[in-house]
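**Student:** This is what each chain is made of:
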Amino acid sequence: NAGVTQTPKFQVLKTGQSMTLQCAQDMNHNSMYWYRQDPGMGLRLIYYSASEGTTDKGEVPNGYNVSRLNKREFSLRLESAAPSQTSVYFCASSANRGGGETQYFGPGTRLLVL
Amino acid sequence: AQSVTQPDIHITVSEGASLELRCNYSYGATPYLFWYVQSPGQGLQLLLKYFSGDTLVQGIKGFEAEFKRSQSSFNLRKPSVHWSDAAEYFCAVGLFLRDDKIIFGKGTRLHILP
Numbered sequence: 008n009a010g011v012t013q014t015p016k017f018q019v020l021k022t023g024q025s026m027t028l029q030c031a032q033d034m035n036h037n038s039m040y041w042y043r044q045d046p047g048m049g050l051r052l053i054y055y056s057a058s059e060g061t062t063d064k065g066e067v068p069n070g071y072n073v074s075r076l077n078k079r080e081f082s083l084r085l086e087s088a089a090p091s092q093t094s095v096y097f098c099a100s101s102a103n104r105g106g107g108e109t110q111y112f113g114p115g116t117r118l119l120v121l
Numbered sequence: 017a018q019s020v021t022q023p024d025i026h027i028t029v030s031e032g033a034s035l036e037l038r039c040n041y042s043y044g045a046t047p048y049l050f051w052y053v054q055s056p057g058q059g060l061q062l063l064l065k066y067f068s069g070d071t072l073v074q075g076i077k078g079f080e081a082e083f084k085r086s087q088s089s090f091n092l093r094k095p096s097v098h099w100s101d102a103a104e105y106f107c108a109v110g111l112f113l114r115d116d117k118i119i120f121g122k123g124t125r126l127h128i129l130p
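Note that the protein sequences, when read in sequence, are chains G and D.
Residue numbering for the first sequence follows this note's numbering, starting at 8 and increasing by one per position.
Residue numbering for the second sequence follows this note's numbering, starting at 17 and increasing by one per position.
What the hints contain is simulated information worked out from the structure, not anything from laboratory work.
Predicted model only: the values in this text are computed from it and were never measured.
Do not take every clue at face value.
To spell it out: a stretch of chain G is covered by chain D in this simulated footprint if at least three of its residues, at any positions, have a beta carbon under 8 Å from a beta carbon of chain D; those stretches are [as the list claims (entries may be wrong)]:
| no. | region |
| --- | --- |
| 1 | 52 to 65 |
| 2 | 98 to 108 |
Below, computed lysine to aspartate or glutamate pairings styled on EDC-like, alpha-carbon distance capped at 16 Å [said to hold, decoys possible]:
| no. | chain 1 | residue 1 | chain 2 | residue 2 |
| --- | --- | --- | --- | --- |
| 3 | G | 21 | G | 86 |
| 4 | D | 122 | G | 86 |
| 5 | D | 84 | D | 101 |
| 6 | D | 122 | G | 108 |
| 7 | D | 77 | D | 24 |
| 8 | D | 84 | D | 36 |
| 9 | D | 84 | D | 104 |
| 10 | D | 65 | G | 86 |
| 11 | D | 65 | D | 31 |
Each residue gets a CB set at the ideal place from its N, CA and C atoms; glycine is no exception.
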């Protein structure tokens with residue numbers, strides 16, 4: 008089992024460019040999440056998908072879009088990157104929805120927007 | 017509003033010494049409580065979690081945490097730290113009912129002196 012995988016590992020963008028961060032899980036989990044991690048801010052939820060076919064906004068959704076492509080895959084898109092989106096992005100999954108569920112994290116994508 | 021506070025941004029202890037990382041939460045009821053660890057360059061990994069029952073919870077890597085309802089606290093402890101415990105530690109709160117989300121604290125970075 009690979010668990011949660013993310014691609015790419017690193018990315019440098021210029022302001023205004025677009026990109027998609029990919030995430031896949033092989034644990035047959037129903038729920039998936041995208042977080043960003045910034046120094047001193049901890050993890051902040053961008054979007055989540057409680058189950059296949061549904062997505063909801065988290066704490067910091069502005070400037071992002073998501074697609075739950077199927078049960079395994081949940082992508083995050085930056086349509087027009089801004090320097091404020093420089094961050095480390097983590098994808099996570101959990102078996103089901105609910106605040107008591109353990110979340111399993113990918114290794115992260117480090118994004119620099121110039 | 018619900019919140020999680022980790023008062024210590026950085027903690028330094030000597031190898032072999034005991035450790036206690038503090039976590040306080042604000043919520044109208046007893047939430048689900050988690051501790052996650054993030055090693056450098058990695059994603060987060062669950063150390064332990066509390067749902068109900070015995071207020072002293074055992075986790076992986078020799079860690080334990082104690083839930084104290086009267087203090088709204090869930091402090092993480094280890095009797096003797098190892099150099100490999102150097103990492104960032106996140107306390108998290110999972111909420112009930114309609115909420116699917118977990119709220120993370122801002123983290124405590126643990127440094128180990130040889």
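**Student:** Against this structure, judge whether each hint is valid.
**Tutor:** The hints, checked one at a time:
Only when three residues or more bring their CB closer than 8 Å to a CB of chain D does the claim for the region 52 to 65 of chain G stand; here the count is 5, and the claim holds. Counting residues of the region 98 to 108 of chain G whose C-beta sits closer than 8 Å to any C-beta of chain D gives 6, which meets the bar of three, so the coverage hint holds. Using a Cα cut-off of 16 Å, the hinted pair residue 21(G) and residue 86(G) holds, with the two alpha carbons roughly 12 Å apart. Distance check on the hinted pair: residue 122(D) and residue 86(G) sit about 28 Å apart at the alpha-carbon level, beyond 16 Å; violated.
Between residue 84(D) and residue 101(D), the direct Cα distance comes to roughly 24 Å. Violation of the 16 Å bound is thereby established for this hinted pair. For the hint pairing residue 122(D) with residue 108(G), the CA-to-CA distance comes to about 20 Å; that exceeds 16 Å, so the pair is violated. A hinted pair counts as satisfied when its Cα atoms are at most 16 Å apart, and residue 77(D) with residue 24(D) does not qualify at roughly 21 Å. Between the alpha carbons of residue 84(D) and residue 36(D) the distance comes to roughly 14 Å, so the proposed pair stays at or under 16 Å and holds.
Using a Cα cut-off of 16 Å, the hinted pair residue 84(D) and residue 104(D) is violated, with the two alpha carbons roughly 23 Å apart. Distance restraint check for residue 65(D) and residue 86(G): the Cα-Cα separation of roughly 37 Å exceeds the 16 Å cut-off, and the hinted pair is therefore not satisfied. Distance hint between residue 65(D) and residue 31(D) is unfulfilled; the C-alpha atoms sit about 25 Å from each other, more than 16 Å.
Checked against the numbered hints given earlier, the structure breaks hints 4, 5, 6, 7, 9, 10, 11 and satisfies all the rest.
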